[in-house]
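Colleague: Chains as they are written, first to last, in my numbering: chain A, 1 to 402; chain B, 1 to 242.
FYI, nobody ran anything at the bench for these hints, they're computed from the structure.
Wrong hints could be hidden among the right ones.
Stated by the list, open to error - Examples of chain B residues lying across from chain A (beta carbon under 8 Å, computed):
#1 P10
#2 F97
#3 Y120
Even glycine gets a Cβ: it sits at the ideal position worked out from N, Cα and C.
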Amino acid sequence: MLWNAILLALREIRRNVLRSSLTILGIVIGVAAVITMVTIGEGATAKVQADIQKLGTNLLQVFRGQGFGGGGARVAAPPFTLEDVEAIETEITGVKAVAPASNTSAQAVYGNNNWSTQVTGTNDRFLEVRDWTLASGRNFSESELRAGAAVCLLGDTVKQELFGNQDPVGSNIRLQKVSCQVIGVLSPKGQSGFGQNQDDLVVVPLRMLQRRLAGHSDVNNIMVSAREGFSTEKVQADIERLLRERRRIRPGEENDFVVRDLKEITNAFTSSTRVLTALLGAVAAVSLVVGGVGIMNIMLVSVTERTREIGTRLAVGAMARDVLLQFLVEAVTLAMFGGLIGILLGLGAGALATGAFGVPFVLNPGIVLLSFVFSAAVGIVFGYFPARRAARLDPIEALRHE
Amino acid sequence: MTVAPARGTPVIELTGVSKIYGEGEAQVQALRGIDLRIEAGEFVAVMGPSGSGKSTCMNILGCLDTPTSGTYRFFGVPVGELDADQRALLRRNYLGFVFQGFNLLSRTTALENVELPLIYRRVPAAERHARARRALAEVGLSGRESHVPSQLSGGQQQRVAIARAIVTNPHVLFADEPTGNLDTATSNEIMKLLTTLNEQRGITIAMVTHEPDIAAWTRRIVRFRDGLIESDEANVPVRGAH
Chain A
1 MLWNAILLAL
11 REIRRNVLRS
21 SLTILGIVIG
31 VAAVITMVTI
41 GEGATAKVQA
51 DIQKLGTNLL
61 QVFRGQGFGG
71 GGARVAAPPF
81 TLEDVEAIET
91 EITGVKAVAP
101 ASNTSAQAVY
111 GNNNWSTQVT
121 GTNDRFLEVR
131 DWTLASGRNF
141 SESELRAGAA
151 VCLLGDTVKQ
161 ELFGNQDPVG
171 SNIRLQKVSC
181 QVIGVLSPKG
191 QSGFGQNQDD
201 LVVVPLRMLQ
211 RRLAGHSDVN
221 NIMVSAREGF
231 STEKVQADIE
241 RLLRERRRIR
251 PGEENDFVVR
261 DLKEITNAFT
271 SSTRVLTALL
281 GAVAAVSLVV
291 GGVGIMNIML
301 VSVTERTREI
311 GTRLAVGAMA
321 RDVLLQFLVE
331 AVTLAMFGGL
341 IGILLGLGAG
351 ALATGAFGVP
361 FVLNPGIVLL
371 SFVFSAAVGI
381 VFGYFPARRA
391 ARLDPIEALR
401 HE
Chain B
1 MTVAPARGTP
11 VIELTGVSKI
21 YGEGEAQVQA
31 LRGIDLRIEA
41 GEFVAVMGPS
51 GSGKSTCMNI
61 LGCLDTPTSG
71 TYRFFGVPVG
81 ELDADQRALL
91 RRNYLGFVFQ
101 GFNLLSRTTA
111 LENVELPLIY
121 RRVPAAERHA
131 RARRALAEVG
141 LSGRESHVPS
151 QLSGGQQQRV
161 AIARAIVTNP
171 HVLFADEPTG
181 NLDTATSNEI
191 MKLLTTLNEQ
201 RGITIAMVTH
211 EPDIAAWTRR
221 IVRFRDGLIE
231 SDEANVPVRG
241 AH
C-alpha cells in the first residue's frame, strides 16, 4: 500500500517538475539557511576554542586586583614577589609550572630598524606554562636568570620587523638603552581569542626587566599551569588560600588579587557563541516553517487543479485512504527532496562562508539529520490538510469538475 | 467482501429506486422509483433528455452514489448497505468506466494511464506492464504505449480510456457519452470496439447517450423521462449503415 503510494507520488512529482520545484523552494531555502547558520556558528565556536587553547592548556593566571587603602579609597594592590611564585610552586599539589611576569613596553632597535613592542620579564618556565615552543635558539639558562643577564627571546612579529628573513640568534638588539643578545626565536602563535597579536613581544629574564628596564622589583602577575588530570578548580582554590595567607588578608576581607582559569573564559566564550548559533538556527527554522506553509499552499492548489483526476482515481477503484496516502506521500517526498537539496546547498554555503571568515568547517551530523527529519515532519504536518481534502472529495462531484 | 456471480442472478437489479437531492424547497427528485434489470452479456443504451435522471441512474449503477430509497443489487449484493470503501472495492474489482471527457491523467503515458486501476489492485509491476500492453493492443494502440494524451487524437484517447476500463477484466463497463466529444467516423470506430468487447469478451455494457445513431448500435434501449423509465425495448443493432 505504501509502496504503491510512493510509486504514484513519484510519478506525480516527475509529471510536474516545475510545480514540484516551486513547491519545495521554501523548504530548500529554510533547510539551507539552518545548515549554513549552524555551520558558521559551530565554526566560530571551534575557532574561539582553538584560539584560547593557544594561550596554553590548563592555564591559571593570577592578577593583582584592587586593595583598600586608608579611608576606604581603592588603591592598587601590592605586587607579587618571587617568594610568592616559589611558594605556589612548592606548596601546592597539581602545579606543573609557575612563571612570574612583569611587563613593560620598550623600543627594540636593530641596525636601522626599530619596533615598539611589549617586553615580558619572566623565567625559563614561561614557555612550558604558555605551551609555547622555540622556532630556533634556546631557552634561558639558570645562571642568566639569576644574574638578570641581557639576553632575550624574540616573538615572531618582532623578529620579522627587525631581522626580516635573517636568523637573529647571536645578534644584539637594543631594548631602550640596554644591549641585549638574542638567544632564541619563539614559534608563531597568531592572534589570541581576544584579537591580540601574541607574537608581538620580547621575552627577557625577570630580573633583567626589573633592574634594567622597569627599575622596580615587582611581579605583576603569575602564570600557573596545572598538571594533566588535576582539577584546575582545586588548584585555583589552593592558590587563593595560599595567597590570602601570604598577603595577610583577614577572613571576611575581599581578595586583592584574582585567579583566573582560562577554561572558564573558554567556556564563557563557547557558551555565548553556542547561544548565538542557536539563535541564528532558530531564526532560520522560522523560514523552514514558512517553507511548510508554501508546501501546503501549493498542495491545496494542486488538489483543486487535480479534482477531476482524483475523481478518475476514485472511479477506477481508489479508496479515500489511497488518495489520502498518495497526497500525503507526495508532500512528504517533496519535503524530503527539499530537505536533501537544502542540506547540500547549506553545507556548500557553509563551506564557502567558513572559508571566507577564516573559521574551521565543522560538519555537524546531528543538525543535518535533524533538519532532514524536520523537513519530513513539515511535509506530514502541512501535507495532511490538503491530502484529507483530496480524500474527502465526492467522486461524482470530482468527475464533473471542469 | 465477495461477490459471487451466480448463474441466473441478474448483474444489475434496481427495485423501486428513488434519489432525492437537497432539502426543503430546493429538493429535487431525480429518480421516482424505477425498476431495472440488466442480465449478464447485455449491451444497453440509456437515453433521455437532460434532467431525466439518466445520469443519476448511471451514478447509482456505477456504485458512485447510493439510492435514497429502494434497493440496488449488484450480483445480488445490496449496494446501498455498503460503505464508501466497500463500494470502491466493488468498482476496483468488477466495474470499468469510460467517460465523455476521457479523463486520462495528463503528462502521463498511455501505458501508465492503463496501469492505474492495476496499481490500486496491487498487481506487481511486471504483470501490470504486460496486462496494460495487452489491453492497449486490444484497442488497437500497439506502439503508442509511451505517448502522452496530448500526443493522441480524441479517438485514440478514448481507446486508451477503454483499455484502462477493460484491463481489469470487469464484469460491467459503464460508458457515459463515450462518443460525445468525437466526430462520426471516430464515434463509429469506438462503437465497433465496444461491440467487439461485448460480443467477444462477454462484458456487460451500459452506455448513456443522447444520439439515436449511437444507441442504434446496442441491443436494448432504455429511455428516461422525469425520473421515470419511459420505455425499455429491445433493439436490432444497426451497424453496417455507416
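Colleague: With reference to the structure, classify each hint as holding or not holding.
Modeller: Each hint tested on the structure:
1. P10: 23 Å, violated
2. F97: 5 Å, holds
3. Y120: Holds. Min distance 5 Å.
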